[in-house]
Structures are given as structure tokens and as C-alpha cells.
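Residue numbers (this note's numbering), protein chains in the order written: chain A, 1 to 164; chain B, 165 to 328.
It is possible that part of the hints are untrue.
To be verified - Heads up, simulated PhoX-like pairs for lysine-lysine below, C-alpha to C-alpha not over 25 Å straight-line:
#1 B/286 to A/35
#2 A/28 to A/55
#3 A/117 to B/219
#4 A/122 to B/192
#5 B/219 to A/120
#6 B/278 to A/161
#7 A/120 to B/192
#8 B/270 to B/192
#9 B/278 to A/55
#10 B/308 to B/278
#11 B/219 to A/110
#12 A/114 to B/219
#13 A/161 to B/281
#14 B/219 to A/122
#15 A/122 to A/55
#16 A/14 to B/325
Honestly, the hints are just simulated from the structure, not real lab data.
Protein chains: 2
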Amino acid sequence: MPNRSEGINLNIRKASPEDIPTILRLIKELSVFEKMEKEVFNSEELLRENLFGNKQYAEALIAEVDRIPIGYVIYFFNYSTFLGHPGFYLEDMYVSPEYRGHGIGKKLLKYCAKIAKEHKCKRMEWIVLNWNPARKFYEQLGAKAMDEWVLYRLPGEALDKMAE
Amino acid sequence: MPNRSEGINLNIRKASPEDIPTILRLIKELSVFEKMEKEVFNSEELLRENLFGNKQYAEALIAEVDRIPIGYVIYFFNYSTFLGHPGFYLEDMYVSPEYRGHGIGKKLLKYCAKIAKEHKCKRMEWIVLNWNPARKFYEQLGAKAMDEWVLYRLPGEALDKMAE
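So that you can see chain A by itself, here it is in the shape it has in the complex (with noise of 0.2 Å):
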């Protein structure tokens, strides 16, 4: 992809709970993007909740040009038991399509990097639908598809009958 980002005017900064109604804009633009908008619970009482509340459990990372919103990133600190330090975990990266081409997300997974390193990372990990083709971008950047595991969950109504 062509890397333009040199003629645009990108600004990305860690969001403050000012940016809760445009985290939650931007979530419900990427969820129709994937066809999930009927997945999405989240609100802005959820987001005030779980990432400006006395527990925090995610992160996010406003990306701006000319000031204006135009992507965000969600993360959180995973561990790795054998590796003894904690990961870092992208949720969500989001650019808006008419952005797109201009090396912003590169920028956005740079400035993940810096943070991860802050924190003493010793890796940065995500998942990726197995027919996304931004795969090839991810292993282009040195990410290996850890094929040999497959996640599993435990959903709501399985978690509840497993606490009873």
C-alpha cells in the first residue's frame, strides 16, 4: 500500500472519556463494515464503565487528522505464564475506509509497539478471521499465524450455568 500519510496531518493520542460517544460512533462503523452491527451491546455507559472506571480493563488510542476522528485502537495487557511478562492485546484497529492507504494503521500499531515496550512486552497479539486478507499485511510485518491453537469460549449462558 502506498504510504501517504506524510501529506496528511495525523494526530494519535491515548482517548480520555471526552472521546466516549466517538469510540462508541467508530465501534458501530466497524461493526457494519463486518457485517456485525447486530453484535454490538456496547454503550456509552459500558465504555465509561469498563475503560475510565476504578477497574480498567481495555485501553484506547484515538487516531486524529485535521483534529477529526477518523480511527481507534482497543487493547489490553494479556500474560504469558512461560514467557514470565505481560503481552500486548489488540482488540480492535479501526481506520475509516476513505482513510485507508495513507499508512495509518501502520502508525497506530507503531504507537502500540512504543506502549507495549513500556510495559515490558515481550510480544503483541491479535486475532484475524481466516478469510481476512490483511493476513498477508500482518505477516509481512514479521506476525506468525499460530495455527496449531484454536480459541475456545465459553459463552454467557454456559458461563452462567458453570458458576452455579
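Based on these hints, arrange chain B on the given structure of chain A.
Below, chain B without anything else, positioned relative to chain A:
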């Protein structure tokens, strides 16, 4: 598997800093069992820093039989942007081979599920090697294999390069 845990004196509790040598010993036991002992770089110092330090990247549970530690769990909270809630991520669960078949694994999972509910988690997740026979057991519990997702990992050196 037969559940004979009624006949044993099982206690599950949250770990404290005094348990650090025990946790490290059990992590090494697990790594030998998985034939991955050369990949363990964790240490008492790193466990103290990351599990009991200023920022706790993960938490641990200890399973004891007759007050002797025979298993452990390491977990942390992840986050689902679409659900808007944290999730419970099971990084490690281990029971010493001589104590298996007593339903201790299931009791550990139940304990985890209760912690998950306290944190308003909407799901529990973990990864499994695709050849692991425990997959059937997990599916019987109601867990779903998220086959369409691939885990990507950017290892240490590539992360360093990205952060430059």
C-alpha cells in the same frame, strides 16, 4: 471422568506472594508435561513483579489437597468491544497427574466462573493445541471452538523493530 473429589480434602484459594515458589514449581511441572520446558523464562522475581506488583497483569489460584498445593490457575481479564464487557481469560490450568480424575479441573473452572461473574464477564476464553484430547471435555462443558479465527503473534524481535 469419575468425580471422586468428595473423597478428597480439596481447597481452592487465591494465591498470595508466599505462593510464588509453589507457582513457579507447578509452571515448570506443566512445561515438562507439555515438553516445553526450554520455553519457560519465568522466575520468582518476574512472578512477584507481574502478579503481585503495582500493576497486576494476571492473577493466580492454588488448588490444595490436604493443604498440599497440587494445581494452579493463571488468569486475566480481556475485553470484548462488541459486548462492552470484560471476559475471563484462562491462561493456564494445571493439576498434577497423580490428582487427575477427581474432578478437580472442573471445580477449578467453576471457581473461575464465579470470579468471572463477579467482574460481570460475559464469557470465558482459552486456547488449546489442536491435537489436545481435552477439546472434547471442553465442548461437553458448552465451550465452542472458534475455528474461523486465527491467532497472530508478533514476537519480541519483530515487536522491537515495530517500536523503533
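Verification of the hints:
1. B/286 to A/35: Holds - the C-alpha atoms of residue 35 of chain A and residue 286 of chain B are around 21 Å apart, at most 25 Å.
2. A/28 to A/55: holds (24 Å)
3. A/117 to B/219: holds (15 Å)
4. A/122 to B/192: holds (19 Å)
5. B/219 to A/120: holds (12 Å)
6. B/278 to A/161: Roughly 10 Å between the alpha carbons, so the hint for residue 278 of chain B and residue 161 of chain A holds.
7. A/120 to B/192: holds (22 Å)
8. B/270 to B/192: holds (22 Å)
9. B/278 to A/55: holds (18 Å)
10. B/308 to B/278: Within the cut-off at roughly 20 Å; holds.
11. B/219 to A/110: holds (23 Å)
12. A/114 to B/219: holds (18 Å)
13. A/161 to B/281: The given pair, whose Cα atoms are some 11 Å apart, holds under the 25 Å limit.
14. B/219 to A/122: Measuring from Cα to Cα gives roughly 16 Å; hence the hint holds.
15. A/122 to A/55: This hinted pair holds, its Cα atoms lying about 24 Å apart.
16. A/14 to B/325: holds (22 Å)
In summary, the structure agrees with every hint in the numbered list given earlier.
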